[in-house]
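Residues 49 to 428 (our numbering) are what the sequence shown spells out, left to right.
Mixed in with the good hints, there may be bad ones.
[Stated by the list, open to error] Listed below are the simulated DSS-like cross-link pairs for lysine-lysine, each with C-alpha atoms no more than 25 angstroms apart in a straight line:
#, residue 1, residue 2
1, Lys-298, Lys-278
2, Lys-198, Lys-50
3, Lys-274, Lys-399
4, Lys-274, Lys-298
5, Lys-198, Lys-340
6, Lys-340, Lys-274
Calculated directly from the structure, the hints in this document are not laboratory data.
Since the model is a prediction, treat every value here as computed from it, not as a measurement.
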Amino acid sequence: MKALFWVGSIGLVVLEIALVYFIMPMPGSQRMRSIELAYALYQWRWAARSVFGLMVLAGLLPAWRSPGRLRYVVPVALLVVAGVTYAFNFRMAADHMFLQPTVVNMQPASANTVAPDRLVVGIEMDGQSRAYPLQYIGYHHQVRDTLAGKPILVSYCTVCRTGRVFRPTVHDSLETFRLVGMDHFNAMFEDRTTGSWWRQANGEAIIGPRKGAAMPELPSVQVSLKQWMKLHPETLVMQADPAFTSEYAKDYAYERGTRAGGLTGTDTASWRDKSWVVGVAQGGAAKAYDWKRLRRERVINDTVGGVPIVLALGPDTVSYFAFQRPDAATQFALRGDSLVSAQAAYALNGKGPAGNLAPINASQEFWHSWRTFQPATARY
49 MKALFWVGSI GLVVLEIALV YFIMPMPGSQ RMRSIELAYA LYQWRWAARS VFGLMVLAGL
109 LPAWRSPGRL RYVVPVALLV VAGVTYAFNF RMAADHMFLQ PTVVNMQPAS ANTVAPDRLV
169 VGIEMDGQSR AYPLQYIGYH HQVRDTLAGK PILVSYCTVC RTGRVFRPTV HDSLETFRLV
229 GMDHFNAMFE DRTTGSWWRQ ANGEAIIGPR KGAAMPELPS VQVSLKQWMK LHPETLVMQA
289 DPAFTSEYAK DYAYERGTRA GGLTGTDTAS WRDKSWVVGV AQGGAAKAYD WKRLRRERVI
349 NDTVGGVPIV LALGPDTVSY FAFQRPDAAT QFALRGDSLV SAQAAYALNG KGPAGNLAPI
409 NASQEFWHSW RTFQPATARY
């Protein structure tokens, strides 16, 4: 009977570690296909805990009655089980490490306290605009807000460098999500209704009852706050939540790509795992553009999936924009703050005197992220 105590204790320790190992950035965990195993363990965790817990209880007294000093190992084993259970459920769980803001405080430019050279994820809809600084959403991973009277989910994964804005609806029903971990280095959310797990990089449910469903993605850009406010002077800007001041990034190392090593460091050479690319998916095809080349050329006219597109880098060299060109023959050049063709000139928000350019989603990501979630991608 005393063997039940030791088997149950070891089982509980291995279970709690496994529940976190496969969905957090542990050595080797994010480079294997383990999502099915991780989800199965998570779904059956309470049943497994009950079995191992009963084994511990059944063998506790016989183990304590063991002769010699072995009996004194029993309380040590219980402390180890309790410590591992606490650490992996309350200290290392994703939604305990990265909390949601207690309040989403949006302020106009006149009351803004965010430095103008900070990067933001910006979104405009029906004449209204919002800016969400990376230093805040990079910690929270997701921020719920309302724009033009409609709910939005602003998300960011620092390990992939992916900023996305979604309509948080599934089959036309509003849904709530929590950060549950990551898969292949990308943040993963769990919906409250079914417990399905969703990938932040594309808003798709990758396992669970809703597997294959996707949240509608909304066009957004990553720019400096100064550039965004110049294009959208009436914008509202997310301010720091006082409850998380110590958690927000104070330096610019991540945003400027000067951080080296670790999960969020940047490779200095092109086409390395942590090199920056701008990814575009159009017409059923995907293409990646080296960030260093975009900085050299400033404007790239290209075609993706039969769709003529243009990428442009703003004068600050950190803000980038992507639009669909009117046709394949139209070629754009950058002149100051304007995209200019032989036919017309447009501001960097795509607005022109005779009409607007259609924005397309373009994501600045680490190369390892883009090629993982767009395995058929081409390289420009």
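The hints, checked one at a time:
Between Lys-298 and Lys-278, the direct Cα distance comes to roughly 24 angstroms. Compliance with the 25 angstroms bound is thereby established for this hinted pair. Under the criterion of a C-alpha separation no larger than 25 angstroms, the hint pairing Lys-198 with Lys-50 is inconsistent with the structure, at around 60 angstroms. At most 25 angstroms may separate the alpha-carbon atoms for a hinted pair to count; Lys-274 and Lys-399 meet this at roughly 18 angstroms. A threshold of 25 angstroms between alpha carbons decides the hint, and for Lys-274 with Lys-298 the separation of about 18 angstroms falls inside it, so the pair holds.
Proposed proximity of Lys-198 and Lys-340 is contradicted: the alpha carbons are some 37 angstroms apart, above 25 angstroms. The suggested pairing of Lys-340 with Lys-274 holds, with an alpha-carbon distance near 22 angstroms, which does not exceed 25 angstroms.
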